[in-house]
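Protein sequence lines correspond, in order, to chains A and B.
So the number in our numbering is just where the residue sits in the first sequence, counting from 1, plus 538.
So the number in our numbering is just where the residue sits in the second sequence, counting from 1, plus 538.
Since the hints were derived computationally from the structure, they do not count as laboratory data.
Beta carbons: idealized from backbone N, C-alpha and C, even for Gly.
Careful: at least some of the hints might be erroneous.
[Stated by the list, open to error] To give a feel for the contact side, a few chain B residues facing chain A, derived at Cβ under 8 Å:
| id | residue |
| --- | --- |
| 1 | 584 |
| 2 | 587 |
| 3 | 717 |
| 4 | 809 |
| 5 | 814 |
Protein chains: 2
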Amino acid sequence: MTETLDRTRPPKRKTALIDCDIHNAVPSDAALKPYLSSRWRAHLETTGSRTYSPYVAGYVYPKVSPAGGSRLDSWPPSGGLPGSDLDFMREQLLDAYDIDYGILNCLYRAAEQRNEEFGAALARAVNEWQVEHWLERDARLRASITVPFESPEPAAAEIEQAAGHPGFVQVLLFPRTKEPLGRRRYWPIYEAAVRHGLPVGIHFASTTAAPITSAGWPSYYIEDHTVMSMAFQSQVTSLIMEGVFERFPDLRITLIEGGFAWMPPLMWRLDGLYHRLHAEVPHLTRLPSEYVRAHMRMTTQPMEEPGHPPHLLQLIDQLGPEMLMFSTDYPHWDFDNPRRAFQVRLPPELEEQIMYGNAQRFYGL
Amino acid sequence: MTETLDRTRPPKRKTALIDCDIHNAVPSDAALKPYLSSRWRAHLETTGSRTYSPYVAGYVYPKVSPAGGSRLDSWPPSGGLPGSDLDFMREQLLDAYDIDYGILNCLYRAAEQRNEEFGAALARAVNEWQVEHWLERDARLRASITVPFESPEPAAAEIEQAAGHPGFVQVLLFPRTKEPLGRRRYWPIYEAAVRHGLPVGIHFASTTAAPITSAGWPSYYIEDHTVMSMAFQSQVTSLIMEGVFERFPDLRITLIEGGFAWMPPLMWRLDGLYHRLHAEVPHLTRLPSEYVRAHMRMTTQPMEEPGHPPHLLQLIDQLGPEMLMFSTDYPHWDFDNPRRAFQVRLPPELEEQIMYGNAQRFYGL
Numbered sequence: 539m540t541e542t543l544d545r546t547r548p549p550k551r552k553t554a555l556i557d558c559d560i561h562n563a564v565p566s567d568a569a570l571k572p573y574l575s576s577r578w579r580a581h582l583e584t585t586g587s588r589t590y591s592p593y594v595a596g597y598v599y600p601k602v603s604p605a606g607g608s609r610l611d612s613w614p615p616s617g618g619l620p621g622s623d624l625d626f627m628r629e630q631l632l633d634a635y636d637i638d639y640g641i642l643n644c645l646y647r648a649a650e651q652r653n654e655e656f657g658a659a660l661a662r663a664v665n666e667w668q669v670e671h672w673l674e675r676d677a678r679l680r681a682s683i684t685v686p687f688e689s690p691e692p693a694a695a696e697i698e699q700a701a702g703h704p705g706f707v708q709v710l711l712f713p714r715t716k717e718p719l720g721r722r723r724y725w726p727i728y729e730a731a732v733r734h735g736l737p738v739g740i741h742f743a744s745t746t747a748a749p750i751t752s753a754g755w756p757s758y759y760i761e762d763h764t765v766m767s768m769a770f771q772s773q774v775t776s777l778i779m780e781g782v783f784e785r786f787p788d789l790r791i792t793l794i795e796g797g798f799a800w801m802p803p804l805m806w807r808l809d810g811l812y813h814r815l816h817a818e819v820p821h822l823t824r825l826p827s828e829y830v831r832a833h834m835r836m837t838t839q840p841m842e843e844p845g846h847p848p849h850l851l852q853l854i855d856q857l858g859p860e861m862l863m864f865s866t867d868y869p870h871w872d873f874d875n876p877r878r879a880f881q882v883r884l885p886p887e888l889e890e891q892i893m894y895g896n897a898q899r900f901y902g903l
Numbered sequence: 539m540t541e542t543l544d545r546t547r548p549p550k551r552k553t554a555l556i557d558c559d560i561h562n563a564v565p566s567d568a569a570l571k572p573y574l575s576s577r578w579r580a581h582l583e584t585t586g587s588r589t590y591s592p593y594v595a596g597y598v599y600p601k602v603s604p605a606g607g608s609r610l611d612s613w614p615p616s617g618g619l620p621g622s623d624l625d626f627m628r629e630q631l632l633d634a635y636d637i638d639y640g641i642l643n644c645l646y647r648a649a650e651q652r653n654e655e656f657g658a659a660l661a662r663a664v665n666e667w668q669v670e671h672w673l674e675r676d677a678r679l680r681a682s683i684t685v686p687f688e689s690p691e692p693a694a695a696e697i698e699q700a701a702g703h704p705g706f707v708q709v710l711l712f713p714r715t716k717e718p719l720g721r722r723r724y725w726p727i728y729e730a731a732v733r734h735g736l737p738v739g740i741h742f743a744s745t746t747a748a749p750i751t752s753a754g755w756p757s758y759y760i761e762d763h764t765v766m767s768m769a770f771q772s773q774v775t776s777l778i779m780e781g782v783f784e785r786f787p788d789l790r791i792t793l794i795e796g797g798f799a800w801m802p803p804l805m806w807r808l809d810g811l812y813h814r815l816h817a818e819v820p821h822l823t824r825l826p827s828e829y830v831r832a833h834m835r836m837t838t839q840p841m842e843e844p845g846h847p848p849h850l851l852q853l854i855d856q857l858g859p860e861m862l863m864f865s866t867d868y869p870h871w872d873f874d875n876p877r878r879a880f881q882v883r884l885p886p887e888l889e890e891q892i893m894y895g896n897a898q899r900f901y902g903l
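Given only the sequences and the hints, what does the whole structure look like? Please build it.
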């Protein structure tokens with residue numbers, strides 16, 4: 539549930555806690571300059587950013603507040619953007635909720651650059667910045683590797699470089715791509731991730747300018763936010779049906795900030811169709827739902843909340859208790875408070891799995 | 539479950555039965571000529587059909603058999619297309635399963651014609667053909683009105699014309715449209731439907747050439763079939779968020795052949811977002827899920843089948859027992875046998891609602 543900062547420290551929790559979705563923000567492009575070569579520094583100064591997603595600003599996060607897509611209280615006193623100040627993040631999140639590990643997903647959009655080499659240079663810079671300003675400064679933090687994922691070969695090269703630092707535990711993509719993510723175009727990314735034992739995270743966001751529904755652009759942000767979960771569903775479908783998990787048996791996928799209530803119905807639909815149409819996809823050897831359970835995990839925020847709260851426990855039972863990993867989405871507007879995120883009290887063993895154990899095993903923490 | 543014809547007549551059922559999705563087929567464009575003016579007959583002969591959906595043939599129904607998207611046994615002995623012969627439909631479906639009422643949804647794509655007037659003339663012809671060849675020939679049959687829905691004013695005029703025949707009980711749209719269905723562009727259709735007390739059905743199909751996912755075209759038919767349910771989800775979202783049900787309080791929507799398991803998660807997501815973002819949609823006065831339950835119904839086929847069958851009863855409980863109306867999708871390849879469609883035995887009262895009562899009340903039969 540949306541929650542502003544509670545400054546009273548809680549009593550020591552019994553359950554350990556991993557937050558699988560925290561957003562650290564690059565304060566400005568200028569902050570990346572120390573990590574860019576002279577060529578790309580000059581490019582940034584003279585040509586600047588040229589993207590193919592003119593609409594992004596208006597529809598990924600709403601201007602629900604003067605903080606844009608962030609919590610009103612999340613602007614650091616030091617100045618700068620929400621999520622850009624580690625000390626303030628410690629105070630508001632890591633210390634306040636006694637978080638054992640936090641996974642940083644920096645949403646800097648290197649992948650939307652139309653100049654592919656510039657995008658790759660920006661991704662390199664973001665990752666070096668993450669190491670220096672975040673990973674080397676707090677032992678609780680881990681991070682996702684920013685990659686120019688629409689340029690899969692350079693993205694794979696970036697994984698090679700960044701994976702050398704043990705703080706990187708994931709590769710980060712977005713669910714709205716130029717082609718469905720199962721297609722061969724993206725396989726170099728999966729090959730590199732698997733080689734380094736890293737899962738591939740897919741996080742709510744976009745770099746493309748394609749309409750988010752098959753009927754074109756919806757009118758309202760609330761629709762954009764709703765149908766983003768459908769972008770996730772079509773990517774899950776693509777990854778399975780293209781045989782990506784047959785080609786990369788060790789590939790693991792994290793679905794981040796996409797919701798999770800839609801997954802059981804999707805598995806049922808896919809399994810039902812597979813029984814009838816498997817002749818079209820003879821490269822598959824298992825039921826679609828088996829690929830989901832073996833290869834995918836989902837973060838909890840934004841959590842769908844049934845009108846009848848016990849339905850949430852039915853849903854988790856349908857999904858499988860191993861599938862969920864807790865996340866706050868700090869510092870964004872729809873932050874989930876770890877102490878109050880669930881509508882119903884979870885059985886202790888399930889709570890431990892979701893708040894800690896599943897992520898601990900998945901990320902090897 | 540997919541089922542071929544069982545020629546042994548069943549013992550008399552205890553439960554009455556309404557089939558809410560039967561496909562009667564226009565045998566060929568020539569069959570429409572008697573219902574076209576000389577101008578449009580000439581147009582058909584000289585210019586012919588010009589559509590903007592070049593991909594439709596390959597992805598709405600698969601060539602799973604020599605029957606295209608239809609059951610192997612559904613070609614009438616008299617010749618012609620599956621679904622084109624009433625006598626054979628009686629034998630295979632209406633009599634075989636002792637169906638009390640059947641709703642015909644003719645999928646003729648008048649709405650994909652690039653010449654809007656020609657599309658309107660074809661829709662008029664299809665509806666006259668339906669009256670003469672179907673509605674006037676079997677008292678069990680009802681039908682949906684074919685409309686050129688991308689031309690909402692002519693579509694509304696067609697509703698005016700066709701609604702004069704009591705056999706028409708619904709207006710038929712498809713879920714992949716040029717704009718989201720909630721937008722004002724489509725309101726003349728809703729206004730006309732409400733004026734005549736007709737629900738608006740949205741049936742699995744497409745007339746547009748826009749990609750079905752926000753990441754473009756998927757590779758496989760099994761993906762097309764899966765993500766079609768997402769086209770439904772985004773249309774439901776649009777209809778609610780645009781305030782269509784505030785503007786037309788008597789509007790009723792039938793979601794046909796789109797699955798139904800995705801609806802509870804969608805309602806939860808929409809309600810949760812509405813609690814936080816209602817300022818963006820101040821024209822709404824109720825929770826999104828309340829609009830769904832008050833204004834929408836869903837047909838059962840293709841039914842999602844949980845791996846653990848009791849989950850189906852949980853799902854129906856989450857959805858609400860009043861929401862579902864049984865359908866076979868005859869003569870298509872994934873036909874549901876009324877005697878075997880459900881994985882689990884339904885409680886008798888629920889079975890009566892789904893197989894008969896909900897549709898009887900909704901369509902006023």
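Verification of the hints:
For residue 584 of chain B, the interface hint is violated, the least distance from its beta-carbon to any beta-carbon of chain A being 33 Å, above 8 Å. A distance limit of 8 Å between C-beta atoms decides the matter here; for residue 587 of chain B the minimum to chain A is near 22 Å, and the interface restraint is violated. Checking residue 717 of chain B against chain A by beta carbon gives a least distance of about 5 Å; that is within 8 Å, so the hint holds. For residue 809 of chain B, the interface hint holds, the least distance from its beta-carbon to any beta-carbon of chain A being 6 Å, beneath 8 Å.
This hint holds: residue 814 of chain B has a C-beta 6 Å from the nearest C-beta of chain A, less than the 8 Å allowed.
Checked against the numbered hints given earlier, this structure breaks hints 1 and 2; the rest are met.
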